[in-house]
Every structure is written in C-alpha cells, then in structure tokens.
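Same order as they appear, the protein sequences are chains G and R.
For the first sequence, my numbering begins at 1 and goes up steadily by one.
For the second sequence, my numbering begins at 1 and goes up steadily by one.
A portion of the hints provided could be inaccurate.
[To be verified] 20 Å max Cα-Cα, derived SDA-like pairs, lysine to any residue:
no.: 1; chain 1: R; residue 1: Lys169; chain 2: G; residue 2: Trp9
no.: 2; chain 1: R; residue 1: Lys56; chain 2: R; residue 2: Asn39
no.: 3; chain 1: R; residue 1: Lys182; chain 2: G; residue 2: Leu103
[Unchecked claim] Which bits of chain R does chain G cover? Going by a derived footprint, with three or more residues having C-beta under 8 Å, they are:
no.: 4; segment: 69-82
no.: 5; segment: 92-103
no.: 6; segment: 122-132
no.: 7; segment: 140-150
no.: 8; segment: 158-164
[Said to hold, decoys possible] Here are some chain G residues the structure puts well away from chain R; computed CB gaps all over 12 Å:
no.: 9; residue: Asp5
no.: 10; residue: Val8
no.: 11; residue: Leu16
no.: 12; residue: Gly19
no.: 13; residue: Ala22
no.: 14; residue: Gly26
no.: 15; residue: Leu27
no.: 16; residue: Val32
no.: 17; residue: Val36
no.: 18; residue: Ser65
no.: 19; residue: Phe67
no.: 20; residue: Arg71
no.: 21; residue: Phe86
no.: 22; residue: Leu96
no.: 23; residue: Ala97
no.: 24; residue: Leu103
No wet-lab data here; the hints were simulated from the structure.
Note that the Cβ used here is the ideal one computed from N, Cα and C, for glycine as well.
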Amino acid sequence: MNEPDDLVWQRLSRALFGGRKASDEGLFTYRVMEEVRQLEPVMSDMAWHRFLRLAVPLLGVGMASLFLAARTPSSHGALLMENALFQKQSLHDDPLAVVLDGLR
Amino acid sequence: MTEQDIILEILEGNLEAYADLVRAHQVRVRLACLVWLGNPEEADDAAQDIFIKAFKALGNFKGDSTFQTWILRIADNHCRDLLRAKTRHRTESLDAILSEKGNVFEGLLARTLGSDDLPAYSPDELQLLGRLFAALPEEDCEILALREVEELPYEAIAERLHCTLDAVKGRLKRARQTLIDKCQKHFPDTSNIPTRL
Numbered sequence: 001m002n003e004p005d006d007l008v009w010q011r012l013s014r015a016l017f018g019g020r021k022a023s024d025e026g027l028f029t030y031r032v033m034e035e036v037r038q039l040e041p042v043m044s045d046m047a048w049h050r051f052l053r054l055a056v057p058l059l060g061v062g063m064a065s066l067f068l069a070a071r072t073p074s075s076h077g078a079l080l081m082e083n084a085l086f087q088k089q090s091l092h093d094d095p096l097a098v099v100l101d102g103l104r
Numbered sequence: 001m002t003e004q005d006i007i008l009e010i011l012e013g014n015l016e017a018y019a020d021l022v023r024a025h026q027v028r029v030r031l032a033c034l035v036w037l038g039n040p041e042e043a044d045d046a047a048q049d050i051f052i053k054a055f056k057a058l059g060n061f062k063g064d065s066t067f068q069t070w071i072l073r074i075a076d077n078h079c080r081d082l083l084r085a086k087t088r089h090r091t092e093s094l095d096a097i098l099s100e101k102g103n104v105f106e107g108l109l110a111r112t113l114g115s116d117d118l119p120a121y122s123p124d125e126l127q128l129l130g131r132l133f134a135a136l137p138e139e140d141c142e143i144l145a146l147r148e149v150e151e152l153p154y155e156a157i158a159e160r161l162h163c164t165l166d167a168v169k170g171r172l173k174r175a176r177q178t179l180i181d182k183c184q185k186h187f188p189d190t191s192n193i194p195t196r197l
C-alpha cells in the first residue's frame, strides 16, 4: 500500500476493528453472567482444587519437618555418647553399651 | 484493581467479579467471532461460549499474557473448530452490501473519524460488519482477525499460520486493499475518505 492508502486504511480499520464498546453490551454481559451463575458448583470445585494445590505441598512440608524433628538426636543423647566415648572406663562396666541400648 | 486481582477474586469464589472482565473484553471477542463467522447471531453465541470456556479455565490462566490475549486465543481456536464443522458461505458480495447499507457504514465512518473516542457499535452496525466480513474470502478474514482484532505481531502470525513473514505481509496487504477498494468505489465522491470525513 502506498501512503495515502495507509492513511485510508488507518481510518477504515478504526471503524471496522477499533471498537471497544457496543451499545448492547449490558445485555451480552447479562447473558454470560446468567450462565456463569449456573456454574457455581463447578466454581466451588475449582476453589477446592486450588486450595488442595496449595495445601497438599504445605502439609507435606509440615509432616516432613515434624518427622525430621522427631528423629533429630537430642543433646542429652549426644552428651551421653560423648561421655561414653571419652570417659575413663572401668573393667566392669561398658558405658558405650548402655548408651547404644538407650538409642535402640 | 488489576485484572489479575479480579481473577484472584473470582477464583476465591466471587463469581460476580467476572462481569468486569466480560464488560471489558466482550467487544473484542464478539468482533473476533464476527470476523471469523460473519454472522452476528452466531458470533454472539460463540462469544458467549468463549466467555464460559474461559471462566471454566480461569484456574489455568497463568498471567504470562494479558487476559485479552488469552481469551482471544481461545476465541481463535473456538471459531476454527466451528468453521471446521460447517462451511462458511459467502452469500453476498461486498458491492451489494455497501450499496444497500452504505449509509450505515458511512455513519460509522463519520462517527469514528469525527471524534477521538473509539466507536461504540450499535446492533445495526455489528450486523453490517458481519455481512461485510462474511463477503470476504476466508483467508482474508483469518489474517484480519489475527492482525486487526488479536493485534498479533507479524512474527506471531507467521508462526501461527506456519508461513513466512513475507507471506503474512502479502496476505494482509491484499485483504486491506480489497476493503479499501470497495469502500472507495462505493463512495466515489469521496475517493479520499480521510479528507471528506
């Protein structure tokens, strides 16, 4: 297209495709929303899935943290182990065996 | 409130917020359907189905693009499916339509050019636009829908149509020229539309 045609097209396309409003848009919106309202159960389902999508990983992380926390050796155990390894041992008792029994 | 906020509100259960999105985007969606299908009643039914489809899929909207781009892509696919199921019939010529409804078209042009506001289409004008698009070859409508309504860049159109950039430009030029020629032919005293209006 040459330049005058470009100008004509700009103006023509504004009329043909430039519209952002319609005088009956209220009616159209009403029709769509009527149908949307009938989809409320679908919507609740969507909300539930959305909740699950967020909640399941969070629940997983929570459970994993709880599990790991329960498995972490206590400082008391560590102290006992230290004593068992480094304290002087008599011939009759074996402190390491006591600690290991406690951990079982 | 941004569109992303509106979408979150809908997903949290406020269905009525969807009306804001429908109001904001309905004309583009209806226009896209009109260009594809050429019949205002069918186009409005299709546009309604598209809004419902979009509503149901709202949870999948990632926000990578605007809501308009996203819903116009849904419209594109929906209309292509409809056209696959039926043949698009060209029942009238552009000449016949412009002879019969030239005054409506001229009114729309005058109103558009007379102000800075973009036009608000009346049902009569949408009817006329539908008839005009229906009189165009299907491949012209396709390229016009992608470029003028979806406002896609040339590269994206070429990708979508699996053709070269030059082919896109060529097709677009032909489609535009057809409309320009017909309009100027029907308003001979205004061979230069811009200066008259």
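Q) Far enough from chain R: is every CB of that chain over 12 Å from the CB of glycine 19 of chain G? A) violated, 5 Å
Q. Are three or more residues of the segment 122-132 of chain R within 8 Å, CB to CB, of chain G?
A. With 5 residues closer than 8 Å to chain G, the segment 122-132 of chain R meets the three-residue bar; holds.
Q) Is the Cβ of valine 36 of chain G more than 12 Å away from each Cβ in chain R? A) violated, 6 Å
Q.
Confirm or reject: serine 65 of chain G is not an interface residue toward chain R, with every Cβ-Cβ distance exceeding 12 Å.
A. holds, 28 Å
Q | Agreement of lysine 169 of chain R and tryptophan 9 of chain G with the hint, judged by alpha carbon distance not exceeding 20 Å | A | It holds: about 15 Å lies between the C-alpha atoms, which stays within 20 Å.
**Q.** Given hint leucine 103 of chain G paired with lysine 182 of chain R - CA-CA distance at most 20 Å
**A.** Cα-Cα ~92 Å, so violated.
**Q.** Whether valine 8 of chain G stays farther than 12 Å from all C-beta atoms of chain R, as the label says
**A.** Per Cβ check, valine 8 of chain G is inside 12 Å of chain R; nearest 5 Å; violated.
Q | 12 Å Cβ clearance of leucine 96 of chain G from chain R | A | holds, 58 Å
Q | Given as non-interface: valine 32 of chain G, which should sit over 12 Å from chain R by C-beta | A | violated, 5 Å
**Q.** Least C-beta distance between phenylalanine 67 of chain G and chain R, which was stated to exceed 12 Å
**A.** holds, 31 Å
**Q.** Non-interface claim for alanine 97 of chain G, where every Cβ of chain R lies beyond 12 Å
**A.** Consistent with the label, alanine 97 of chain G stays out of reach of chain R, its closest Cβ about 60 Å off (over 12 Å).
Q: Count residues of the segment 140-150 of chain R with a Cβ under 8 Å from any Cβ of chain G, then say if the count reaches three.
A: holds (count 3)
Of the numbered hints given earlier, the model fails hints 2, 3, 4, 5, 8, 9, 10, 11, 12, 13, 14, 15, 16 and 17; all others are met.
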